[in-house]
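Asks: Letter by letter, the chains look like this.
2 protein chains.
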Amino acid sequence: MNEHVFQVVSLLISLVAFAFAGWLFLWVKKQPSSNKKIAKAGLLIQQGARTFLRREYGVLAKFAGVAAFLILVFLPSPIWNGSFVENIVMAVAYIFGTVFSAISGKIGIEIATIANAKSAEAAQKGIKPSFMAGFRGGAVMGMAVVGSSLLGVSLLMLLTDDPTALLGFSFGASSLALFAKAGGGIFTKTADISADLTGKVELGIPEDDPRNPAVIADNVGDNVGDVAGMGADLFDSNVASMAAAIVMAVPLDLALGGTMNLNMVFAYAALGLLASIIGVATARIGKNGSPTKALNSSTYVTTGVYVVLTAAATFIFNFEWRIWGACIVGLLVGVIIGIVTDYFTDDSKKPVHFVAHASKSGPAFTILSGISYGLLSVLPAMVGIAVSALAAYKLCEPINPEFALQYSLFGISMAAVGMLSIVGMIVSNDAYGPIVDNARGLAEMGNLGEKVLAITDELDSAGNTVKAVTKGFAISAAGLTVIALLGAFISEVNTAAAELGVEGLTGFDIMNPMVFFGLLIGAAIPAVFSAMLMLGVDRNAQRMVAEIHRQFKEIVGLREGKEGVEPEYDKCIEIATSGAIKELIPAGLLAICATLLVGFIGGVQAIGGFLTGNIVSGLLFALFMSNSGGLWDNSKKYVESGHEGGRGSDAHKAAVVGDTVGDPFKDTAGPSINTQITVVSLVSSLMAVIFLTYSIF
Amino acid sequence: MNEHVFQVVSLLISLVAFAFAGWLFLWVKKQPSSNKKIAKAGLLIQQGARTFLRREYGVLAKFAGVAAFLILVFLPSPIWNGSFVENIVMAVAYIFGTVFSAISGKIGIEIATIANAKSAEAAQKGIKPSFMAGFRGGAVMGMAVVGSSLLGVSLLMLLTDDPTALLGFSFGASSLALFAKAGGGIFTKTADISADLTGKVELGIPEDDPRNPAVIADNVGDNVGDVAGMGADLFDSNVASMAAAIVMAVPLDLALGGTMNLNMVFAYAALGLLASIIGVATARIGKNGSPTKALNSSTYVTTGVYVVLTAAATFIFNFEWRIWGACIVGLLVGVIIGIVTDYFTDDSKKPVHFVAHASKSGPAFTILSGISYGLLSVLPAMVGIAVSALAAYKLCEPINPEFALQYSLFGISMAAVGMLSIVGMIVSNDAYGPIVDNARGLAEMGNLGEKVLAITDELDSAGNTVKAVTKGFAISAAGLTVIALLGAFISEVNTAAAELGVEGLTGFDIMNPMVFFGLLIGAAIPAVFSAMLMLGVDRNAQRMVAEIHRQFKEIVGLREGKEGVEPEYDKCIEIATSGAIKELIPAGLLAICATLLVGFIGGVQAIGGFLTGNIVSGLLFALFMSNSGGLWDNSKKYVESGHEGGRGSDAHKAAVVGDTVGDPFKDTAGPSINTQITVVSLVSSLMAVIFLTYSIF
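Heads up: the protein sequence lines correspond to chains V and E, in order.
Residue numbering for the first sequence is 735 to 1431, as defined by our numbering.
Residue numbering for the second sequence is 735 to 1431, as defined by our numbering.
If you're looking for bench data, these hints aren't it; they were derived computationally from the structure.
Hints may contain errors.
[Claimed, not checked] Listed next, the in silico EDC-like pairs over lysine to aspartate or glutamate satisfying Cα-Cα at most 16 Å (straight line): (1) Lys1387/V to Asp1384/E; (2) Lys1094/E to Glu936/V; (3) Lys1094/V to Asp1384/E; (4) Lys1387/E to Asp1384/V.
[To be verified] Pairwise CB distance ranges (calculated): (5) Ala1232/V to Thr1427/E: 38 to 46 Å; (6) Glu936/E to Ile1326/V: 47 to 55 Å; (7) Leu1331/V to Cys1327/E: 33 to 41 Å; (8) Ala989/E to Thr1427/V: 48 to 56 Å; (9) Asn1181/V to Leu1331/E: 53 to 61 Å; (10) Arg1273/V to Gly938/E: 32 to 40 Å; (11) Arg1293/V to Lys1084/E: 31 to 39 Å.
Backbone N, C-alpha and C fix where the C-beta goes; we use that ideal spot for every residue, glycine too.
Isolated chain V, as found in the complex:
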């Protein structure tokens, strides 16, 4: 069999995903819509989201230009060492990575800002059509993300056969994810907090009231944060997991002859995409069925189909069953972590009830109990990641005693590939959330009545539940991927060391003071990074609140809701956009500069410690913040649904404080840490040769 056949088939399957996405897109587009108010608000949201993306991609283009130039000069090794071709390939791969991710983000935003209005109007006919509009809208994004990541990786391997170039591609995806996730996270929470503070708190007008100048920015924020941001994040993790696996597979295949390991990576990744297509295509909701159940069951279908398909492929192509085992362990642990995470944020479980009850004693107790449960929630995920990494390692270690270390690290990377195999489904479910959240807002703005609002509320609540699960999944997947990247880093260093004729790496000894030095500094970075983002939200929200106050003061008749008087929505979008980019850059630079500093001081050993500390502390803070935030959000909703005094009670006021604290926790800082970890890992892998050559110690 030709050595590239698996890559060609993967490429073709990625095109199937695009075709399916196109069909879904057209299906959503042809759903009926007639309400003028909804159409107008929907258009404003769409324009706002486009404004943000244009501005963000504009800044990103400059950043990527500088980065591509630096890559051209320095990576994988300085150009004066004669590595012209490699450097050009790397720079082009980097740009490809940003562009592919940007395009899938753009597709996701376009469909999400169409599907929201469709879902709102469909709700007039019942929960089923409304759910389908939201779900299929989200699925377009899901298919675009996995399709373009598999397309990019297989295309690049077909063209270059150079796994290191994949790291460049992956770094491009990470750069974009940093902007999309952290920038989008700052945008969305700036708008959300400002809208709540001025609207609900100061003026006492309802959420999504069209008089509020921040209301469109708030709806835009849901899309840029959760659709484009989460999509870019999982695009990034997905590409990184494949890149790490391929970086380790190629030297193994070279040493052993054949292309089996490489083929396995492509086969398992492509089958994950197929399984996701089947899962999305079969998703159904009964006439009065539960949307949460429908979302979850489509995930389980995808998982089941994947296990069967990969087992068949392993049998047919005579793949190594141990590696299949590692892959399945990763997948199952990912699903289990998602389910356990759900416990901490589900409104029928103890933590939500406890926090709601504690709120009766005042906001301090809402905060303390939410933080406590958030801290408790890290244990199952940490144990899960630890167990899956250990199991994958131990499964694959005996495959070939001569390459025990290589195979065991490859096993971990395949566990990450397995965990991310159902990412198409996960992104679909995740993008569903903001679409139906927007639909709820549009239904309110379009005066569609209480009955329709009840339906959109139910869809929205399902979106929130599923979001907690997908976030737990995304963080764990990033964690396992970055452990795999640690293996890729060693592989890169050793390849370079062999060429330079210096000593390579077999690992990182904690008792080596350089490793320990890196470890402590790497561990501090996620804490500082997330603090900078949260302070950024704070500063940005202050600017926007000032703007809202100005509008209410200067625009006559706005406060009273006089017919024909409208706020200047675009000013708020402008503030959220420019502020997000301004606040994001120092945090991103901190992470990258710390990596360079540690690498130039302590070399590859210090970087090994740095990455380890960064992963461990990043996982802790990301899980803690995401879960506490989700818990507070649902506790507030639980109180609002009539418990512990219901709306307007003291418990409700306290629960709102918890929710406000939780917003930047779960939508800005927590999930951005993922991306920070991946960026730092990829910078390290790309700089491997430089650190090996130019470090002080």
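Got chain V; can you put chain E on it based on the hints?
Replies: Relative to the frame of chain V, chain E by itself:
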């Protein structure tokens, strides 16, 4: 020179500390007191504190009995292997450790509950005598802590010459610290929160109002948490740092001949005690001087004296200058970390102003900004610890190329000894805080008037500022000590491995899946441990609030403050005490059981990862929580002093929420993590042989 002469001299110097403590005790006791109300309230506090200690030591005695029995049977190796004598020595050393620490805690509590009343009454004559009563009261505790730790260590070495027995002694100290620090922390915050919630919030009566049934428990709490708890914590760190250094010095001395390394440990530790005595003895405050300045300058005097004394000793006894360098690096970094920590909690600096200003937008912003600055504050300390460990390692590595690893790890342990050398001064400053805090309460209960209250307020505020510094210092010292304990663990494993004829350890490779497995689990423990303690405070406070409500309902005339009607203070103390012990035990067991589980599953490699993850994550959470808590406390005080709207404003209400959240952060969870880390490290070192022999993998 006889090999034990340094140990004998150390023992004598520890006796000097006791003599000096005795003199200070008598000085404080003979200060005048005449106010009957103060005497009565002071007596209640004293009795309450005694009740707590009696109950706590009672439970501890049972716990220690069980632990001593287990040690007798299993440690350092199972008794059926014929190690009768070693096991008996170890069990006795363990009991010694608990008893020595308990006695110094008892001394500290006794003097603190005398000095508070003396300081209150002395404030009528001015700030100078009031300060001196508070400071010298605290110094009794400081001298008792360092005196008894040095006495214990030198006595044990003189009697047994067995460094492993010192680990048993150290484990005894840790067990006590776990009870004193975590139990005391739960006690103090239960009482504080309940008193504030029912008194200030519900009834609108001032803090320290004698009608409040929780007021005495609150004052008792300051003593058991900050005097006995912090004392036990630093006793623990101090002993552990000496034990780690000695465990590494003895095999080095054996291999190289002579006792120089061991002598250095005793010399530097004993000189630290001398320097602290000089620092305490020369502490003075001008007639209208600043108490903060007086406290800080005594710390600087101690530091300076220590540098001079140790340099002289190194010159006279021809010690290794590189080791002296490591010791001084540790000390200076400790002082610098303290100063930097101060920035984040000082009410003249930006963070406090920022949080106070953010409070104007509501409690959610108080919380978000406080958490953000708390997360930022971890960076300088982490970098400081990383740099000092690296510097100590690199300084000492070249001493003897044949023993490069041993000397570099010994260097780190000497940096920890250096950092802890001024611990006498640190404990003195720390114990000063609750004494003058109590004095403020007593002055209020005794109706001593506004002028006196102003003086006690100033002394109290200095106590708070210094407390933030000493906490940063204590956490860093624990961090460096535990890194040293990691070295001690390797040393123990290797000694055992040599006897068993199996392979020893040279380090822990992060790419070893067992190490990584341990790392992830170890990192999760501090998060879960602190969450359990905070939930414990929450549950316990609910019990106490219910009791306070009962008293106000059932005791006629209490609410109105009728003459002769008194609340049942002892009921509240009883609830705080029994609840603290009940809530502490599961958290302590979790940490110990997780260690055993990981050790029995993955053996010494997994434990290496476990300890590393535990240290790194423990440092992060301890620093974050302590600093956020201190920041909120001072922001509230800053608002109360008239900024951002002052008392009663919305900003003040928000700042109070921050302070309430911060209380268990800074006084329960944050500093208890220290102790958790040390306990886990010592359990690991003691179980080294068992893990080496009986692990599954």
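Asks: A separate judgement is required for each hint: does it hold in the structure or not?
Replies: Each hint, compared with the structure:
1. Between lysine 1387/V and aspartate 1384/E the CA atoms are separated by roughly 14 Å; this keeps the pair inside 16 Å, and the hint holds.
2. Using a Cα cut-off of 16 Å, the hinted pair lysine 1094/E and glutamate 936/V holds, with the two alpha carbons roughly 13 Å apart.
3. Restraint check for lysine 1094/V and aspartate 1384/E: not satisfied, since their Cα atoms lie roughly 19 Å apart, outside the 16 Å limit.
4. The straight-line distance between the Cα atoms of lysine 1387/E and aspartate 1384/V is roughly 14 Å, inside the 16 Å bound, and the hint therefore holds.
5. Between alanine 1232/V and threonine 1427/E the beta carbons are some 40 Å apart, a value that agrees with the proposed interval 38 to 46 Å.
6. Between glutamate 936/E and isoleucine 1326/V, the C-beta spacing of about 51 Å keeps the proposed range 47 to 55 Å intact.
7. Judged by the Cβ atoms, the range 33 to 41 Å given for leucine 1331/V and cysteine 1327/E holds: they are separated by roughly 39 Å.
8. In this structure, alanine 989/E and threonine 1427/V break the distance hint of 48 to 56 Å, their C-beta atoms being roughly 37 Å apart.
9. A hinted range of 53 to 61 Å for the beta carbons of asparagine 1181/V and leucine 1331/E is consistent with their spacing of about 59 Å.
10. At about 36 Å, the CB distance of arginine 1273/V to glycine 938/E agrees with the hint of 32 to 40 Å.
11. For the hinted restraint 31 to 39 Å between arginine 1293/V and lysine 1084/E, the CB-CB distance of approximately 36 Å keeps it satisfied.
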